[in-house]
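**Student:** Spelled out from the first residue to the last, the chains are:
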Amino acid sequence: MSFADIKEKLTAKFEKLNLEYSSFRDNDRVIVPPSDLFEILSFLKTTFCFDMLIDLSAADYLHLQGATHRYGVWYALLNVENGERLIVKTHLDDPDPRLPSMYDLWKGADWMEREVYDMYGIEFDGHPDLRRILLPDEFVAFPLRKDYPLRGMGERHNFQSVIRSEA
Amino acid sequence: MALEFLKDNFVVTKLDYLASWCRKYSLFPMPFATACCGIELMATGASKHDISRFGAEAFRFSPRQCDLMIVAGRVVMKMVPVMQRIWQQMPEPKWCISMGACASSGGVFDTYAVVQGIDRFIPVDIYVPGCPPRPEQLLQGIIDLQEKIANTGTIFGTEFGKRNVYEGPRPLSKFLSPDQSVQAPANFRSSTRTI
Amino acid sequence: MPLNLADAIPETSSPEREFLWTLNFGPQHPATHTTLRLILTLDGEVVVHAIPDIGFLHSGFEKLGEHLDFNQYVTIVDRMNYISPVSNEISWHHAVEKLLDIDLTPRCKYIRTIFAELMRIHDHLVCCGAAALDLGAFTAFLYAFNLREKINDISEVASGQRFHPSYTRVGGLLCDVDDVWITKVRAFIKLFYAAYADLMKLLQRNRIFVDRTRGVGVLTKEEAINRSATGPIARASGVTRDLRKDQPYLAYKDFDFKVVCSTEGDCYARFLVRMEEMVQSIKIITQAIENIPSGPINIDVNSKFVVPNQMSVYRSIEGLIQHFELHMTNRQWETPKEEIYAATESPNGELGFYIVSDGSGVAYRARTRPPSFVHFSLFPHLIVGHQISDIPAVLGSINIIAAELDR
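Protein chains in written order, with the numbering used here: chain A, 1 to 167; chain B, 1001 to 1195; chain C, 2001 to 2407.
A few of these clues could be false.
What the hints assert, rightly or not - Once the Cα atoms are required to be at most 25 Å apart in a straight line, the calculated SDA-like pairs of lysine to any residue come out as: (1) C:Lys2221 to A:Glu84; (2) C:Lys2245 to A:Asn79; (3) B:Lys1048 to C:Lys2150; (4) C:Lys2337 to A:Tyr61; (5) C:Lys2337 to A:Asn27; (6) C:Lys2337 to A:Phe3; (7) C:Lys2337 to A:Lys45; (8) A:Lys45 to A:Tyr61; (9) A:Lys107 to A:Asp36; (10) B:Lys1048 to C:Ala2197; (11) C:Lys2150 to B:Asp1050; (12) C:Lys2253 to A:Asp26; (13) B:Lys1048 to C:Ile2189; (14) C:Lys2098 to C:Thr2335; (15) A:Lys107 to C:His2049; (16) C:Lys2253 to A:Leu86; (17) A:Lys7 to C:Glu2338; (18) C:Lys2150 to C:Gln2204.
Just so you know, the hints here were simulated from the structure itself, not pulled from any lab data.
Please work from the sequences and hints to get the whole structure.
**Tutor:** This is the structure in C-alpha cells:
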C-alpha cells in the first residue's frame, strides 16, 4: 500500500480535519492535530497494519525561524509485513503541552513517552507510569528545551566533596 | 652464635616499606566501569594485555573487598552519590585511578549532566589520559600508582589522615547570570535512596 | 509522579505483600556491565516484578548534537554504542547524507560496509563473550576478546584510534585505506573461522550455558512487534526485518548474505542468532574486500559538501575557500530546512537519527532512536517469573549498552 493510498483513505475518513501531507526524500509524513491523534493512529494501526512504533520523540521549535508552534512530536510507524514506513507528526503549544498516550496501541510507547516527558515536559494522558526516566526525580528543568543552556544551571556541581581523611 | 643459622634468612627494613611493598603488589581493583573505558578495562584484564602481570588482576565487585577504585568512564550527576557511597564503603588504605578524559575532566561532554572531573568530589591519586586510554596506558597508570604507594605508604596509613583538605581543582567560576541560578536541589539522593 | 520508586510497585495481592522481598540490583553490579539499576520484587527466588531505573549515564548527547556541526558530532556519536562505534558514525552520516542528498562514491560505500560488518562482529563478540562471562564461562570471554583485539587493530591501521575511530565524514571518510589495512582484514578473515569454531565449541553445547539460557526470557513475535524490538532480538523471535535487505543502503545490495532468524525467542536463540550473524558478516566482508573499487573516497569537492584534502587546501584557492567555508561556524553546509528520519541496521537493532535542520550546518535537533533503550524496556516483561539467577542471562542476551541506553 503506497503513500498515495494512505493519503486517499485518510482524507476520506477524516475529511473535516484538513490533514497535511508532505514527502521529503523517502520520508512520508502526515501532520495531524493533537486532538484527533489517537483516532488517526489507531485507524492507521488497524487499517494499514502499522503494527510497530519505531520512534517517538519531540523537538522544541522555539528558535526555529518560521515555526508556528512550540513543540512537535513525531511517531515513526513501521508495517512489519511489508516494511512500509510513515511518520505522523503533531504540534503543540506551550501552556500545558499534553497528548494522549499511545500505550494502549503500542506497548513500546511506554518508555519513549517517559523520555519525551523527561526532556520536554510534554505530558501524556493515560500513561500508566509517567515519571522522569533519565534524570533524577528531584530535577526540575526540562533539559532539551531550547531555553535550557547546554551546560545546565549548575546542577552538576551541586554535590559535597569527600575529602581524603573523612572517607 | 645462636643466630648463626639465621644469617642469610633475615633482612632489615622499615615496617612502612614492608607494608607498602605488600600493598603495591596486591592491589584489588574495584572496576567502577560506567562507559567506553569500561570495555578497555575489560580488555586490560583479558588475554592480550593481562593485568595480572602487575599484580592487580583480582577484580572484586564488592567495594568492601577492594583497595583501588578505577573510575572508568564519565560520571554523571545521578551517579555521583553512588560513586561517593562506594568510595566510602571501601576500607583503608585505598586509592583511586581516574581512567580516561571523561572521568578526569569531563572530556568532550561539557553538558548539563556530566560532572567535570570526579576529583571535585572524591580524592584521585592517578589520572590516566586518553579517550579511552589504551590498555597500555592503564597499565602504566597502575605502575605509577605502585610507585606512589611505595614512596608514600606507611603501615598505619597515617598519611591519609594528614590529607584533610580538599585536593581537587578550584570550583568552576560561575558563568551563569544571577537569573539562571541553580534550580535543582542538591545531591539527587533518589539514586541511592533505600526503599 | 511518585517520588519514591516503591510507590510505583502495584499492590500485588496485598495480604501476601509481606512475604515479598524488595531487592536493589545495581547501579554498580558486575552483571549490569555498566550502569543500570533494577528494583526487584522477589517471591523467594522468583522475580515477581521488576522496575528498571536508568539514567545513570545520561550525559546529554542529544543536547550536544544541537551545538556541534555534522562532522564534529561524529566523535560524540562514536561514544554512544561503544562496542560498535563505526556503526553509529555510519548511521549518523547516513542521515546527514540523506538530508543533503549525497550519493557516496563506490569505494567509500565498500569501505563503510566492511567497517559496519567488522563492527557487527565486534559487537556480537563482546556481547556473547560478556554474556558467557556472567554465566561463568570465563574462557569464552577470553577467546572473544582476543578476536576483538584484532578488529581494534584494523580500525587503528585505518584511522589511528583503536577504539573510537571517528572515521566517517560527510560525503566520505577521514582518509583512504592502504594495502596494510587490506592485508589485515584478509588475515582477520582467515583467523575468524578458527576462533569462531573455538567459541562455538565452548558454548553451543555447553551444558551449563544451554541450561541457563534455553527457555529463559522468551519473547513472542507479537510482543516483539508491539514493544518495538528490532535487530537480533526481534529476529530471534521471528520478525524477519533487516534494514540491510529492506532499504539497502551502502553497498549491501551487491552482496550475497542471509538474514538470520529464529522462532524460539529465548536467550539461547538470541545467542545463536548473534553467532550466525557473525558468519554472515564475515561472508559480506570476504566478498567486499576482494572487490573494493578503486577511485576517490570522497565525493566531488565541487559539490561543497566535503572537506578538501590538505594538498588542495595548500595549493589551490578553491580548496582554501571551501576549507574555510566548511570550518567557519557561520557558514558551513547549506541544508534544506526540512526534517528527516534515517536509520541503519546497527548490530543492536535499528539505529535511527531524526534530524531537524534549520538551514545551517548544525542540526537543530538530533534525535537518536537508540535500540538499547527500546530493548531494555522489554526487560521487566522478560524476567518476570524467572529466578534471580536468570537476570544475568537475560541482561547479557539483550545486550544493553548504557551509553546508548541513557545517551
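**Student:** All hints are to be evaluated individually against the structure, with a verdict given for each.
**Tutor:** The hints, checked one at a time:
A distance of roughly 18 Å separates the Cα atoms of Lys2221 (chain C) and Glu84 (chain A); the hinted pair therefore holds under the 25 Å criterion. Taking the CA atoms of Lys2245 (chain C) and Asn79 (chain A), the gap is near 15 Å; set against the 25 Å cutoff, the hint holds. At roughly 10 Å between alpha-carbon atoms, Lys1048 (chain B) and Lys2150 (chain C) fall within 25 Å of each other, so this suggested pair holds. For the proposed pair Lys2337 (chain C) and Tyr61 (chain A), the alpha carbon gap of about 13 Å is at most 25 Å, so the pair holds.
As the CA atoms of Lys2337 (chain C) and Asn27 (chain A) are separated by approximately 14 Å, the hinted pair is consistent with the 25 Å bound. As the CA atoms of Lys2337 (chain C) and Phe3 (chain A) are separated by approximately 22 Å, the hinted pair is consistent with the 25 Å bound. Restraint check for Lys2337 (chain C) and Lys45 (chain A): the C-alpha separation of about 30 Å exceeds 25 Å, so the hint is violated. At most 25 Å may separate the alpha-carbon atoms for a hinted pair to count; Lys45 (chain A) and Tyr61 (chain A) exceed this at roughly 28 Å.
The straight-line distance between the Cα atoms of Lys107 (chain A) and Asp36 (chain A) is roughly 20 Å, inside the 25 Å bound, and the hint therefore holds. Of the supplied pair hints, the one linking Lys1048 (chain B) and Ala2197 (chain C) holds, its CA atoms being roughly 19 Å apart against a limit of 25 Å. In summary, the hint linking Lys2150 (chain C) to Asp1050 (chain B) is supported, as the alpha carbons are separated by about 16 Å, within the 25 Å threshold. Note on Lys2253 (chain C) and Asp26 (chain A): the hinted pairing holds, with a Cα-Cα distance of about 18 Å set against a maximum of 25 Å.
A hinted pair counts as satisfied when its Cα atoms are at most 25 Å apart, and Lys1048 (chain B) with Ile2189 (chain C) qualifies at roughly 19 Å. Among the hinted pairs, Lys2098 (chain C) with Thr2335 (chain C) is consistent with the structure: their alpha-carbon atoms are about 11 Å apart, no more than 25 Å. The straight-line distance between the Cα atoms of Lys107 (chain A) and His2049 (chain C) is roughly 17 Å, inside the 25 Å bound, and the hint therefore holds. A distance of roughly 23 Å separates the Cα atoms of Lys2253 (chain C) and Leu86 (chain A); the hinted pair therefore holds under the 25 Å criterion.
Distance restraint check for Lys7 (chain A) and Glu2338 (chain C): the Cα-Cα separation of roughly 20 Å lies within the 25 Å cut-off, and the hinted pair is therefore satisfied. The suggested pairing of Lys2150 (chain C) with Gln2204 (chain C) holds, with an alpha-carbon distance near 23 Å, which does not exceed 25 Å.
Hints 7, 8 from the earlier list are contradicted by this structure; the remaining hints agree with it.
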